[in-house]
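With the hints as your guide, set chain B onto chain A.
As they're listed, the protein sequences go chains A and B.
Heads up: the first sequence is residues 11 to 789, going by the working numbering.
Heads up: the second sequence is residues 118 to 306, going by the working numbering.
To be clear, the hints were calculated from the coordinates, so they are not data collected in a lab.
C-beta atoms are modelled at their ideal positions from N, C-alpha and C, and glycine is treated no differently.
Honestly, I wouldn't trust all of these hints.
Simulated crosslink set (DSS-like; lysine-lysine; CA at most 30 Å straight-line) [what the hints assert, rightly or not]: (1) A:Lys-158 to B:Lys-161; (2) A:Lys-62 to A:Lys-641; (3) B:Lys-212 to A:Lys-636; (4) A:Lys-119 to B:Lys-157; (5) B:Lys-212 to A:Lys-501; (6) B:Lys-266 to A:Lys-158; (7) B:Lys-150 to A:Lys-158; (8) B:Lys-201 to B:Lys-212; (9) A:Lys-641 to A:Lys-460.
The following residues of chain B were derived to be distant from chain A, with all beta-carbon distances above 10 Å [to be verified]: (10) Lys-150; (11) Ser-173; (12) Pro-192; (13) Ile-206; (14) Arg-208; (15) Thr-277; (16) Leu-295.
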Amino acid sequence: MNNAARRVFVIWLMAMLAGVTIVWNSRFSADMSFFLPADPSAEQQVLVNQIKEGVVSRLLMVAIGGGDVDQRATLSRDLRRRLEKTSGFSSIQNGEAGSHDADREFLFKHRYLLSPAVTPDRFTVDGLKSAIANSIDLLVSPAGFVLKPLFTRDPTGELMALLGGLNVGAQPNIHGGVWASRDGERIMLVLQTKVLGSDTDGQETAINTIKREFSASTRANGVDDANIEISGPGVFAVHSRALIKGEVTRLSLISSIAIICLLFFVYRSPRLLTLGLMPVVSGVLAGVVAVSLVYGTVFGITVGFGSALIGEAVDYSIYYFVQSGRMGFAGWRERFWPTIRLGVLTSVCGFGALLFSGFPGLAQLGLYSLSGVLAAAIVTRFVLPQLAGGARMASDLSPLGRAAEKSILFVHALRWPVLLLALLAAIHLVVHRESLWHPDLSVLSTATSKEVELDMRLRADIAAPDSSYMVVIDASDLESALQATENVGEKLDRLVAAGVIGSYDSPARFLPSSAMQRARCASLPASTDLRLRLQAALADLPLAADKLTGFIDDVAAAKMNCTLSRESLAGTDLALAVNALVLPHSGGFSVLLPVHPALAESGQPLAIESLRDALAGTGVLVVDLKAELDKLYNDYLREAILLSLGGLVAIILLLAVTLRSPARLAVVMLPLLLSVLLVIAGLSLIGERLHLLHLVGMLLIVAVGSNYALFFDRSNDQGQLDAETLASMLIANLTTAIGFGTLALSKVPVLHAVGVTVGPGAILALLLTAIFVPRGTTA
Amino acid sequence: MIGRFVIGLFLGLLTMPALGAFDVGQLMGDLAKNKGGRAKFVEKRHVSFLDKPLVSSGEMTYTAPDRLEKRTVTPKPEILLLDKDMLSIEREKQKLSINLANQPEALAFIDSIRGTLAGNRAALERNYLLHLAGNPENWTLTMLPSDQKIAALVQRIVVTGSKGQVRSIEYLQADGDLSVMSIEPVGGR
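Looking at chain A on its own, in the form it has when it is part of the complex (with noise of 0.2 Å):
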């Protein structure tokens, strides 16, 4: 090693050194945020913040059967004792008897701040008469049964009239006192976790902390045969983790070692095979620190993305050993570092289109894989010449090159059955228009079908309410989102009465607003008075005054205390349900008014339209979750056929500027559009629904492929084809299609799709290059 080249090997080293640092303390993630919009409308904000931080991201549904009924509701009432020790959970239900006592309670005690009937009119004469007559009355039905044993406290029925707008909703079959499923043979317990949907370690130790408790309570309960099943977006995250993990490092290793025994048997030398693996390393490297340095979290997906990026960095060293065997690497920069150098700018623009998506996993994508093929040409061009000094491949490949040479005169005549080919796919994927795209983002997640049968399964059986719609208010501090919320409530409280929806959730039903709290307070009336006035409005019903001690006394003493803070709810599962609707952020506070549809059993959509307009010109926003996520999909979708198309006249330009001539652009360009719709009918044939990562494939087709399409250019123009270049060609084809195949593998559907399409698209684009490119290029 020369001093020149001691000075560049330690630069390299310094720089990769500095990128180990660096992805050291970079943050890996797995989690949902791969797929949310890096700049969400408002709308889908809300569908953010509730995947991120939701009272639905911390809902874990746990099932147990085994046992007979008996063990089983033992078990559910040992596993809620054990659970709540852990102190990992902020609610854990299991339908116990009592388990709302603390709630009804609070509700009771503070009835006449809570009950929107407490209105001045309310304790006149007429008032009490006609409210007292009215409970009466609902003593005959068995709707009063609630009533009966609070009455002479709560004769005017206030408890009645609060419990009235909760949405008390489908609850989950009891046997054996706790909540079953539907066929009874197993129990549900609903939790929900302190910590946020998005923190994956924290839901993987709550899964884990109730796998260890429901083993201990097996035990201790002898309960032999029990089996356990939890689902909720909390395990689906910890799966989803898991499983990229697996995948980074399967699918690397997959790729590395197929490529390095291709490598080995091309080179015949260790020294070689390392030196041509340097600029894959530092690829790799670049892309994982581009995107640490740019985004601050890195996605196991893009690292997954590695195996591919493999497969495409290691193209430029075999260029470099295979091209400057006979003219070492002054004849080589001159002759084919130009032409790879358009090929690299041609995979730039492919890469780079993907940057301006907003779909943060594609953008990441994107970035990783343009500076990892930057940094590897950068290596190969300006490090790898200076450590190989004279070193040269022990192998000659002039073999492979002929029989390339021949074969590309056999498959001249393919031409026409090509385009044949090509017209069929093209008839093909026009008749399949309709059928060829996949509708939803679901088919991004990396749940199984099994996994969503049990959380449906699951959901089903705790008759989990349907909250896609949701009215959001927002405020700069708690009083006023209060006051707002109160007054949606009473427009949403019209769309109650003419069945327009079917019921909503408020967090203003058990923290009323200041001013609502001393309206309330200011209509009881005084024990006096209250006294007098029941004597008259008693006069015509069944009913003594005197009974109705505990109720002036109960007034009074709701009179003296007129303030509910949000603290004063701390112990029930009110303040959980305030927590999940009341949600500070840095300007204030929103509040989620969740709204379900009249007739849930009928499974008719809420006609949100009416909603809206009932609540046009209050300035809230009104939410359609489901809605918003296919949006959000489609968005994805759309704009990543726009930067797609747009990466494809960036790269047309590129070559048109460069290669100066419409003859040689369509040479180029025909092959690669061909394996395009090649690929794409293909995949369509076996049964492959396209998504939006098929799409980004198909440019990346044109992007890698296009490289190839070069040489065979590049060549004409220099009068021929060497059988070197011609078998560099194949083994860097052949490196390129290993890395892309392993992500085929992948059961990652983001890798999977990218795999499967650019895996056999680059060895079509290689092959119809050779096909179509115009005679008497090769000798």
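Coordinates of chain B only, in the frame set by chain A:
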């Protein structure tokens, strides 16, 4: 209360041998033959803190074996419908549906009526100790909950009737309040 029941029990024991074959099984057979019909009802509910009993009235329709509709007309219109395990109550525009399968205690309580109307002895004996007195023309069936949880809802249920027709149902609730419903069939059956 218990005293009255003990006396009733004694009377029942005394009269039973005289009637020979009339037992719960035979009564259930008679009841099961009743495939349904319409009846007017008047319900008097004694509530401890009220000066006089609350009276409600309306019409009931029973369709064997598990559909019972109770339309209260006075004092406030209300429709109560029991269809299999779904209980729904409609009152002043409000509708409440409860799946009784989720509420075993309530189901046991409802089973006392439904089991009687359908002549389903097994359903009744699952939750109650049965005692029958009288003769086929004029019988009195007393049910005492055998389960503590049901006893928290109702202390005693007494049904009287003639052949397969129920004439009155009397509930003694856990809080001591008594409710008596008299039933008058309408139309020929």
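(request) Sort out which numbered hints this structure fails and list those numbers smallest first. (result) When the structure is compared with the hints, numbers 4, 7, 11, 12, 13, 14 turn out to be violated.
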